[in-house]
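Undergrad: Taken in order, these protein sequences are the chains called A and B.
Just so we're aligned, residue 0 is where the first sequence starts under numbering that gives the first Met the number 0, counting upward by one.
Just so we're aligned, residue 0 is where the second sequence starts under numbering that gives the first Met the number 0, counting upward by one.
Do not rely on the hints blindly, as some may be mistaken.
[Said to hold, decoys possible] Just some of the chain B residues that point at chain A, by a computed CB distance under 7 Å:
id, residue
1, ASN105
2, GLY111
3, PHE205
[To be verified] With beta-carbon atoms standing in for the labels, derived distance ranges:
id, chain 1, residue 1, chain 2, residue 2, range
4, B, GLU375, A, ALA172, 50 to 56 Å
5, A, LYS160, B, GLY118, 34 to 40 Å
6, A, GLN117, B, LYS341, 50 to 56 Å
Don't read these hints as lab results, they were simulated from the structure.
Computed from a predicted model, the values in this text were never measured in an experiment.
Each residue gets a CB set at the ideal place from its N, CA and C atoms; glycine is no exception.
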Amino acid sequence: MSQNGKCAKNVNVGLAERLISTIVGAKLFTSGLSNASTYGLLKAGIGGLLAHRGISGHCSLYDRVGAKRQAPALSHPLSRQIRVIESVTINCTPEELYSFWRDLRNLPLLVPQIQSVQVTDSRHSRWFIDESSCPVVSWDAFITEDEPNTFIEWVALDNDKVQQRGAVEFVPAVGDRGTIVRIDLKYHPAGGALGAMVANFMHHGPSQDIRNRLHQFKQLMETGEITTNESPSARMTAHDERTQDIDEELPESHTSERAELADVSQNPVVADRPALSGAETTT
Amino acid sequence: MKAACWFGKQDIRVEDVPEPTLVNSRDAIIRVTSTAICGSDLHLYDGYIPTMKQGDILGHEFMGEVVETGPGVQNLRVGDRVVVPFTIACGSCWFCRTQKFSLCDNSNPNAGMAETLYGHSPSGLFGYSHLLGGYAGGQAEYVRVPFADVGPFKINADLPDETVLFLTDIFPTGYQAAEQCDIKRGDTIAVWGCGPVGQFAIRSAFLLGAERVIAIDDVPERLEMARASGAETIDFDDEAVYDVLLDMTGGMGPDACIDAVGLEAHGATLDAIYDRVKVAAYMATDRAHVLRQAIRVCRKGGTISIPGVYGGLIDKFPMGPAFGKGLTLRMGQTHVHRYLPKLMELIQSEQIDPSFVITHRFNLDDAAEAYEMFNEKRDGCVKVVLQA
Numbered sequence: 000m001s002q003n004g005k006c007a008k009n010v011n012v013g014l015a016e017r018l019i020s021t022i023v024g025a026k027l028f029t030s031g032l033s034n035a036s037t038y039g040l041l042k043a044g045i046g047g048l049l050a051h052r053g054i055s056g057h058c059s060l061y062d063r064v065g066a067k068r069q070a071p072a073l074s075h076p077l078s079r080q081i082r083v084i085e086s087v088t089i090n091c092t093p094e095e096l097y098s099f100w101r102d103l104r105n106l107p108l109l110v111p112q113i114q115s116v117q118v119t120d121s122r123h124s125r126w127f128i129d130e131s132s133c134p135v136v137s138w139d140a141f142i143t144e145d146e147p148n149t150f151i152e153w154v155a156l157d158n159d160k161v162q163q164r165g166a167v168e169f170v171p172a173v174g175d176r177g178t179i180v181r182i183d184l185k186y187h188p189a190g191g192a193l194g195a196m197v198a199n200f201m202h203h204g205p206s207q208d209i210r211n212r213l214h215q216f217k218q219l220m221e222t223g224e225i226t227t228n229e230s231p232s233a234r235m236t237a238h239d240e241r242t243q244d245i246d247e248e249l250p251e252s253h254t255s256e257r258a259e260l261a262d263v264s265q266n267p268v269v270a271d272r273p274a275l276s277g278a279e280t281t282t
Numbered sequence: 000m001k002a003a004c005w006f007g008k009q010d011i012r013v014e015d016v017p018e019p020t021l022v023n024s025r026d027a028i029i030r031v032t033s034t035a036i037c038g039s040d041l042h043l044y045d046g047y048i049p050t051m052k053q054g055d056i057l058g059h060e061f062m063g064e065v066v067e068t069g070p071g072v073q074n075l076r077v078g079d080r081v082v083v084p085f086t087i088a089c090g091s092c093w094f095c096r097t098q099k100f101s102l103c104d105n106s107n108p109n110a111g112m113a114e115t116l117y118g119h120s121p122s123g124l125f126g127y128s129h130l131l132g133g134y135a136g137g138q139a140e141y142v143r144v145p146f147a148d149v150g151p152f153k154i155n156a157d158l159p160d161e162t163v164l165f166l167t168d169i170f171p172t173g174y175q176a177a178e179q180c181d182i183k184r185g186d187t188i189a190v191w192g193c194g195p196v197g198q199f200a201i202r203s204a205f206l207l208g209a210e211r212v213i214a215i216d217d218v219p220e221r222l223e224m225a226r227a228s229g230a231e232t233i234d235f236d237d238e239a240v241y242d243v244l245l246d247m248t249g250g251m252g253p254d255a256c257i258d259a260v261g262l263e264a265h266g267a268t269l270d271a272i273y274d275r276v277k278v279a280a281y282m283a284t285d286r287a288h289v290l291r292q293a294i295r296v297c298r299k300g301g302t303i304s305i306p307g308v309y310g311g312l313i314d315k316f317p318m319g320p321a322f323g324k325g326l327t328l329r330m331g332q333t334h335v336h337r338y339l340p341k342l343m344e345l346i347q348s349e350q351i352d353p354s355f356v357i358t359h360r361f362n363l364d365d366a367a368e369a370y371e372m373f374n375e376k377r378d379g380c381v382k383v384v385l386q387a
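From just these sequences and the hints, can you work out the full model?
TA: Spelled out as structure tokens, the structure:
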């Protein structure tokens with residue numbers, strides 16, 4: 000699974016460049032065709048090549064000069080499938096990481112939008128989503144491959160239709176660096192492939208989201224807790240803060256929500272401070 | 000509680016804000032007894048560091064008393080007196096385990112943001128922009144300290160706050176800057192910037208065996224303080240730094256150069272003016288006049304050590320000279336945790352009293368005035384301590 004698909008192998012143009020290449024190419028192509036001269040045809044030809052390069056994500060020139068670039072989100076812009084491959088190195092053994100992951104009930108810790116996971120049997124489970132965060136409220140998941148301490152592969156089904164294929168592998172890292180956790184997700188995003196492509200270009204897309212989740216998985220496994228800057232307490236609850244996409248919206252500043260704070264700030268004496276409450280983000 | 004909050008360029012206000020509470024099990028709440036304004040806080044004050052938000056609590060140099068600990072903090076007790084490293088470190092990632100605490104993998108909750116800009120994320124810092132964690136800072140009455148079982152350093156000795164406060168940042172920062180110079184007997188070290196970090200770099204260079212230290216600045220009180228530490232000085236307003244340094248070192252150049260200035264370098268040379276214009280036009284972010292000068296004058300095969308903060312992009316970086324002269328460049332935020340026991344020993348054996356840099360003391364209520372004075376370098380201001 001660490002090998003990229005056929006389409007991914009040919010992609011050597013970055014996402015932003017592909018978008019620009021496609022738009023500029025299409026423009027040249029149409030304006031070239033409207034001018035029936037040699038110059039016009041030449042323009043249309045160049046436009047066509049640029050557009051093809053943008054859509055396919057492959058540039059022969061880059062191949063020749065050896066400027067091979069890997070697109071991080073291995074998604075084909077015209078297919079309706081998004082593919083994300085991300086990895087992180089965690090200072091734990093493959094056994095520790097696999098066991099956390101294999102107990103599916105742990106996963107809502109990493110994705111707070113998931114309210115709960117109901118494990119039906121060793122391979123089947125049903126996932127429930129916080130209604131406010133997603134129009135889909137539940138789906139079934141089926142583990143298709145399970146190699147202890149090494150590899151898990153699954154599909155997520157909505158009305159028996161495959162919505163997502165995912166796999167995670169645990170590979171010992173070189174030296175004393177722990178274990179490489181590599182995630183490979185293929186799914187059909189809301190807003191179609193183009194929406195996801197633009198979102199990814201804006202760094203708010205699936206790649207960044209998965210990378211943030213992996214950071215939090217690493218934090219949890221290495222330190223026992225998910226890092227948060229929440230403080231003072233009146234800003235947001237730990238849960239609220241974790242549910243928002245870190246990169247999409249900067250966490251609220253420490254004191255900006257002044258209106259809500261008035262009553263809390265009447266609490267200057269140390270002894271009055273509430274003791275450690277249920278705000279814990281670890282288990 | 001009271002806290003010094005950032006509201007925009009040169010706009011600091013002391014506001015009444017809610018007190019912090021424990022969030023994670025490895026947290027502690029510290030009641031701040033003393034805090035200081037760092038030279039790098041002035042980069043925030045002047046609006047050079049991106050991702051600040053209105054209302055952010057400033058301050059990364061602070062110490063105080065433990066008032067509450069989470070169940071995961073076994074090494075601290077309520078009432079313990081601690082200094083808190085400004086870099087937040089988890090203690091368990093590969094970087095922490097190899098003593099590179101300021102590169103901790105786990106302490107920046109906004110790591111994704113830093114990755115977009117830097118490729119990877121450094122550790123989170125207290126009160127130093129959302130890019131570096133968005134943590135509330137210590138220029139306040141109380142602070143939540145994450146990973147409190149790793150960071151806070153207990154002060155058992157009967158020493159006043161002012162003697163140990165600078166263990167949080169500027170003393171280790173100056174010390175690391177000098178240590179990075181790999182000083183050998185007979186070495187001459189040049190230090191640009193005689194602010195607090197520069198002052199500690201000068202003292203540390205001597206402690207590590209430097210033969211000569213040459214300090215460069217244009218503020219008379221700072222040059223005077225450097226001379227009191229045993230350094231020779233150059234006032235860059237009156238003298239051509241390159242010529243004088245070469246002359247002082249018999250044409251060889253200093254063995255190592257410390258840039259304790261960073262991204263807001265002043266100067267009246269052509270490249271300094273060019274930098275000012277570019278930054279004003281948003282075509283570059285950092286002014287690297289000192290760095291260029293240090294590379295030009297450094298001895299062949301020498302070291303450039305950079306404790307001064309840089310935040311973004313610089314223009315006209317003299318890579319050719321740096322390569323041609325075989326220089327080593329060393330830089331980064333301070334691995335504070337690594338140095339604390341050693342530096343505490345230096346303080347207790349009276350080889351250094353870090354309070355020598357303090358020139359002004361304010362109450363936390365007057366933080367705005369303190370920032371302004373420090374920024375303008377009025378009244379011989381070198382270092383400001385705020386009492387909470």
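Undergrad: Would you mind marking each hint as holding or not holding in the structure?
TA: Okay, the hints, checked on the actual structure:
1. ASN105: holds (5 Å)
2. GLY111: Because about 4 Å separates B:GLY111 from the closest Cβ in chain A, which is inside the 7 Å limit, the hint holds.
3. PHE205: violated (37 Å)
4. B:GLU375 / A:ALA172: 50 to 56 Å: holds (51 Å)
5. A:LYS160 / B:GLY118: 34 to 40 Å: holds (39 Å)
6. A:GLN117 / B:LYS341: 50 to 56 Å: holds (55 Å)
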